[in-house]
Amino acid sequence: MPLAIAVTSLDLVISPPDGQAPDAAVFQPPEAQPLDTAVTQTAVLLERCGHVVALYPDSLPVPYVRRLHTIRSVLETDRLALLPVALPPLAVAVLARQLRQLSLSDLSPGVLASAARLLAHYVYAGAQLPGVGGLDRVDVGLGAHLASLVPGSRFGVLVNPARRLFRVGGGGEVPAGPGFGTRLTVARARPAKGDDWVLGTLAPHWRVQGVQEAPLPAESGRWWGSRGVVEFAAAIADPTVLYQLVSSVRREQCHWCGLELIGDRCAFCAGPLPRADGTGDPGAGPGTGRTAGARTALAGPPGRARTALAGR
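Heads up, the final residue of the sequence shown is numbered 312 in UniProt numbering, and it's a clean run with no missing numbers.
Heads up, some of the hints might be wrong.
What the hints assert, rightly or not - The calculated label-pair distances, taken between Cβ atoms and stated as ranges, are: (1) 191 / 10: 15 to 23 Å; (2) 167 / 47: 50 to 58 Å; (3) 256 / 47: 21 to 29 Å.
Read the hints as simulated data drawn from the structure, not as lab findings. Just so it is clear, CB atoms sit at the ideal spot from N, CA and C, and this is done for glycine as well.
Required output: the full structure, derived from the provided sequences and hints.
Next up, the structure:
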């Protein structure tokens, strides 16, 4: 394995449907582990695997994020990529699972690490909530706030790839799902009682190819602002399709560390691709220029990537 995938809590490690993926390394929060121990364990991991890609929700507490960057600084290494992900916790776990599956392939560390941004476009993430009083991830109108006061009200929220809030039940409209084959991962704060909207309505409407139940990440309740959340994420589960998707995007070479990458920025050293004229944007460290192909890859699913999914 050319690299290890790491996460920031054990509940972000979920098994793939076929079981064919290496385990993820798990960092510990600063209050649970001394810094010298964390540095030593990370050094051992780097020695064994060569490169480490650490995914974490962008809602991770600041002291924990600071700890990760401190580890990287103490080790003075560009072989540890720290990737904040603007997805809810369960979707981060699903994305980490995809990278773990791909780590068994011949993709280089730089390509695999930068693939996280591409694959995130293809994760349909949301939740069912009993109320919207604590929800701050989407715009919530006065009508929805008032409706949430009615006993038995339920709401659906989609946050990726688009944001949408809607009422659940009563024959209401179900949001459009992915136009490619996915597997649905579901995590609940408590066992389902009565009508199960996620499995009974959403899953058939999205034509998912299977359902997997997983433990609810501890961070999910805070992320969604509800203790009664049912979180879901539909994503590509077939490693062959994942490989074709990543391989369909043009590769570049980082002019700072020399690693291959897809997109506009190296996930390990954060060096951007130069613009076509060989310059980067001023005041942005190594620069922030990007090629047209890389811009296409990160603005949304690229054309060749969409072609790779056709008929799946």
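Exercise. Evaluate the given range 21 to 29 Å for the C-beta pair formed by residue 256 and residue 47.
Key: holds (23 Å)
Quiz prompt | C-beta pair residue 167, residue 47: status relative to the range 50 to 58 Å that was hinted | solution = Holds - the Cβ-Cβ distance for residue 167 and residue 47, about 53 Å, lies within 50 to 58 Å.
Quiz item: Do residue 191 and residue 10 keep their Cβ atoms within the hinted range of 15 to 23 Å?
Solution: holds (21 Å)
When each numbered hint is compared with the structure, no violation occurs for any of them.
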